[in-house]
Structures are given as C-alpha cells and as structure tokens.
Amino acid sequence: MATEFHNLQELRHNASLVTKVFIQRDYSEGTVCRFQSKFPSELDNRIERTLLEETVKTLNSYYVEAEKIGGQSYLEGCLACATAYIIFLCMETRYEKVLKKISSYIQEQNEKIYAPRGLLLTDPVERGMRVLEISLFEDRGSGSSSPSSTMSSAGSAR
Amino acid sequence: MSAVMITRKVRKWEKLPGKNTFCCDGRVMMARQKGVFYLTLFLIVGTCALFFAFECPYLAIHLSPTIPFFAALLFLFVIAMLLRTSFSDPGVLPRALPEEATFIEMEIEAANGNVPAGQRPPPRIRNVQINNQIVKLKYCYTCKIFRPPRASHCSICDNCVDRFDHHCPWVGNCVGKRNYRYFYLFTTSLSLLTIYIFTFDIVHVVMREYPDGLISRNRHVQRVLVCFFTLWSVVGLTGFHTYLISLNQTTNEDIKGSWSGKNRVQNPYSHKNIFKNCCEVLCGPTYPSVLDRRGLMQDDMPVSATPAAPSSSSLSSSNPVPQTTVRSHTRTHTHTEPLHTLPLKWIEAAKHRIAMTVSIGGQRGLLFSVIHVVIWMWSHLVAFLLIEQIDS
Chain G
1 MATEFHNLQE LRHNASLVTK VFIQRDYSEG TVCRFQSKFP SELDNRIERT
51 LLEETVKTLN SYYVEAEKIG GQSYLEGCLA CATAYIIFLC METRYEKVLK
101 KISSYIQEQN EKIYAPRGLL LTDPVERGMR VLEISLFEDR GSGSSSPSST
151 MSSAGSAR
Chain Z
1 MSAVMITRKV RKWEKLPGKN TFCCDGRVMM ARQKGVFYLT LFLIVGTCAL
51 FFAFECPYLA IHLSPTIPFF AALLFLFVIA MLLRTSFSDP GVLPRALPEE
101 ATFIEMEIEA ANGNVPAGQR PPPRIRNVQI NNQIVKLKYC YTCKIFRPPR
151 ASHCSICDNC VDRFDHHCPW VGNCVGKRNY RYFYLFTTSL SLLTIYIFTF
201 DIVHVVMREY PDGLISRNRH VQRVLVCFFT LWSVVGLTGF HTYLISLNQT
251 TNEDIKGSWS GKNRVQNPYS HKNIFKNCCE VLCGPTYPSV LDRRGLMQDD
301 MPVSATPAAP SSSSLSSSNP VPQTTVRSHT RTHTHTEPLH TLPLKWIEAA
351 KHRIAMTVSI GGQRGLLFSV IHVVIWMWSH LVAFLLIEQI DS
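Listed in order, the protein sequences are those of chains G and Z.
Here the first sequence stands for residues 1 to 158, where the numbers follow this note's numbering.
Here the second sequence stands for residues 1 to 392, where the numbers follow this note's numbering.
Treat the hints as calculated values from the structure; they're not laboratory data.
Where a beta carbon is used, it is the ideal one built from N, C-alpha and C, also for glycine.
Be a bit skeptical, because a hint or two may be false.
As the list claims (entries may be wrong) - Here are some, though not all, of the chain Z residues that point toward chain G, as calculated from beta-carbon distances under 10 angstroms:
(1) Arg84
(2) Ala96
(3) Phe146
(4) Arg163
(5) Lys276
(6) Cys279
(7) Glu280
(8) Gly284
(9) Leu291
Chain G on its own, in the form it takes in the complex (with noise of 0.2 angstroms):
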C-alpha cells in the first residue's frame, strides 16, 4: 500500500496519476476565500486527518490575511486613487504578496508532507480559488489499479 517516494521528482518521473480529490470552498461565512476542512473519503488510507486539516486551516488563515479590511487595506486603497492606481504598475498590492507565501508554503507542504505520501497540492489560484485540488498517484512499478494514464490536462509545468 505505501507507495515510498522521497521528493517531489521521483513523484512525477515514477508515478502515475490515479484520481483527483477536490476540496470545495467553505461559503458559510460569506465571498471570503475559505476551504472546507471536511476530510475526503478518498484520503482515508493515504494521510493523516490531522495533517490536511492543519494545511487547510493555515491556507485559511493566509487568505483571511489578504481580505482583511483594515487600516492597511484603506491606506493602500487610497494612495493607490490618488495617483489614479498607477502606482499599481510598480507596486505589488498585499493581496499578491499573500498569494506569493501561499505558494511557497504549499511547495514547502508538498515537498515535505505529501510527496512522500503520493499526492500533490495545486495552488488554488491556478484553479481560479474555487476548489483545493489534491492529486493521487501510485507508484508505477507497483502496477496495482491504476485505471488512466491521463495527464493532467493544465499541464501544470513546473
């Protein structure tokens, strides 16, 4: 059952895609980007509860940092009209600098926790910050029930 990989590109070179989990968004609390921590059935076997709820819960709280509406917020709002959001061509808005340590912290998440289990995280940015979307592999020499060889059809390239 354990299918053993160490880092990230043994995952791509050696496995093969078997199915796709998607964690939906969580609207209870309104438009503001959250995930469900509900556990999928599909990752019984694979992880630890725990584990993905700690990863989901520490994505929530980045996106929770990058709506938040306060002082900063209104700072940068306003001097960004008054030079009519020119400014915005040199300047990279909080929002995209959040998005820049979410992807850090997943590649790190990745690398770390769930390559060497035989999944994978994408950003949920590139999937337009509707779904979480955990990627199963198996092992290609282990030759179990892997139905397709379907590639991923983003073409995610790294």
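Fit chain Z to the supplied structure of chain G, relying on the hints for placement.
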C-alpha cells in the same frame, strides 16, 4: 494522411474560452462589442476638447489659470478610470477542467440518487447558509461549476463573473468584483467633470455677455435646462451606485429583487452600517486576476507531414493519441471568423444585446440607454452652438 504533432508555447489567453477580445498580448481584456465604448471615449474627449479650445483661454486670462489646470487633472482621472474599467479582468471565474467537472457531476448524482427514467432530474442547486440566510448556489452548465455566491454568468461575454454587477456596453466590459470600484470612480469623476465644465460654461457666458452680471431671464432658464438634462443621467447613475454601495448590493441583485425584503429575505452580505459597506466595496483589498492570461502553456498542433518539409523540430512526447482527443485536450476556441459571416454575426449580436438589455432591465433599461445618448449628444451640441452664436 499522417498528421504530426508540433508542440509550441502559446500564451494562455489565446486558448481561453468565452467571448472576450484580448489586446497587447493578453494585457488588455474586453468584450467583443466595443462600438459603444468608442462612442463614450469620443463624447468625453470631444466635449473636453471643445471646452479646452473655446472656454479655457478666456477663463484662464480673465479668472484664473488654475481652472483649466484642474479641468485637465479631472479629465485625465476620468480617462484613467474608464480605461482601467474597460481593460481589466472583471473577476472572471475560469471554467472547470474536465476532472473537476466530472467530480462535481458525481457529487450531484450521488446527492440526487436514482432518478426514474422519463423524469427530469431535479435542478442543480446547492444551499449554503450565510449569516442566517439560505443562499442558493446555482450550477452553471457552460462553465460546469457551482457559481459562488453573488457570481453570475454574463451571456454577452460567456463567462461567469464573481460579484457580477452588470455588463456595461459604455465601457465595453462586464463590471464585477475586480473593476467595480474603478467603474464607480469613473461615474463619480465624470459627474464632477460634467458639473465643472458646465459651471464654467455658465460663468463664461455670464462674463462675456453681461460684465455687470445682469442676465436676461430666458437665457438663464435655457442654460439651466441644458445643464440639467446633461447632468441628470450621469449624476443619476452615480447616485444609484452610491445607493447600491451603501447597501452592499449589486445591480444584478437589485434588478432581480434578491434582497427586496419580501419573505423576510435580507441581504446577508451587508454589514448593516453604511460606512462599513462603503469601506468594504471601495477600500477593500484589490483582488488579483485568477485568469493568468499571460502564462505560457503547451499547444499541440497537428501538422500534416510532407516529405519535402524538414522534419518538425519538436514533436510532442510521442503519444500515439488520435487527433480528436488532442483537440479536446487543448480546448481550441476560434477567435477569428470568416469575413462574410461578420455582418450576420453583428446583427445577431445586436439583437441579442437588445434582448439582454430588455430582459435585464425591462423596457426601462433600453429606454434609459437610448434617452441617455440622445439627450447627451443633443444638449452638448445645443450648448456649444448657443455659446458660439453669442460669441460671434
């Protein structure tokens, strides 16, 4: 006939579904019908050009040179906001990729259970509770997703847009989450610019003709009427959007009467505080685009192999997949159409747009738009003809 696959890198905007047009290699994103946008640009630039040419020299000398200076600043701000609204991504939600669409279909089937043959399956709706209010999320058959709350599918652009307000032909784009504040600032600054220009029109007429300040009653009334008709449409629109912002509603929700209060339905997104609502809409975070228009992606193109041609340099990873699979794989979408079908397409598009306006805003919407254009053009023409007549 053997077909050889060539892989080349293309920008993602070239393969985006939907009816948008892109310029500057994906930096600019607009709707297909841009005629009314050009009219807006022409009216604003034309009016201001006439103001700067005929009024400003006199006003700068006899009153103050700061008058044309502030007019120029205001004009530049209006144009910047208009271009920002028109050229930016309104908050388009990308369509679901095949795996996601299949996953959602499976969830729906699991939720619906077995539907007996011959019966229509129940409508695809998800209920969420937001702030003690049940909100229905509808399924979009085009984009194959459950639309987030406040999102709507624009049939003119053929995209689901987040926090969809309306499709504005005057700016040639949808107005949604990402560009609503620019749209609001555009209407507000345009109102200020119009008021500014017509105030100084009046001042100019008064000073030129009657240096001692006496104005004949009839002329004064005429001038006031002209100002009123010109201003009411733009200022009215600004006022309407100020009202919407203070309630944290979108035009779409207002027209559909989603939170009109019947059946105890209340707006779950409103903070119940005008100041907080305004702050959220106008000073909220600037959401980045999730479309990634300028990213690169692989495009597999079939090229028929001829012996004379040099062997294609880069073949895609030799996958003996039939052509049809690859076609669906790359989601090709034609942006160019044969010329002879264009007039028909325009007529169809025009009919569709009129139908949309009528269906969204009722007869009211179409009438409003037509009256707006006619009065705007008429009043400007009359105003400047009158002023020129007085001058000569």
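Checklist entry - Is the shortest C-beta separation between cysteine 279(Z) and chain G less than 10 angstroms? => result holds (6 angstroms)
Checklist entry - When the nearest CB of chain G is found for phenylalanine 146(Z), is that gap smaller than 10 angstroms? => result At 8 angstroms from the nearest chain G Cβ, phenylalanine 146(Z) passes the 10 angstroms test, so the hint holds.
Item to check | Proposed interface contact between alanine 96(Z) and chain G, which counts if any beta carbon pair is under 10 angstroms | outcome: It holds, given that the least Cβ distance between alanine 96(Z) and chain G is near 8 angstroms, below 10 angstroms.
Next on the checklist: Hint validation: lysine 276(Z) versus chain G, beta carbon distance must be below 10 angstroms. Holds or violated?
Outcome noted: holds (9 angstroms)
Checklist entry - Per the CB criterion, is glycine 284(Z) less than 10 angstroms away from chain G? => result Because about 5 angstroms separates glycine 284(Z) from the closest Cβ in chain G, which is inside the 10 angstroms limit, the hint holds.
Item to check | Interface hint compliance - arginine 84(Z) to chain G, C-beta minimum distance less than 10 angstroms | outcome: Check passed: Cβ of arginine 84(Z) comes within 6 angstroms of chain G, closer than 10 angstroms.
Checklist entry - Is the hint on arginine 163(Z) kept, meaning its closest Cβ partner in chain G is under 10 angstroms away? => result Holds. Min distance 7 angstroms.
Item to check | chain G contact restraint for leucine 291(Z) - C-beta distance below 10 angstroms | outcome: holds (8 angstroms)
Checklist entry - Under the criterion of a CB-CB separation shorter than 10 angstroms, is glutamate 280(Z) in contact with chain G as hinted? => result Since chain G brings a Cβ to about 6 angstroms from glutamate 280(Z), closer than 10 angstroms, the hint holds.
The earlier numbered hints are all upheld by this structure, with none contradicted.
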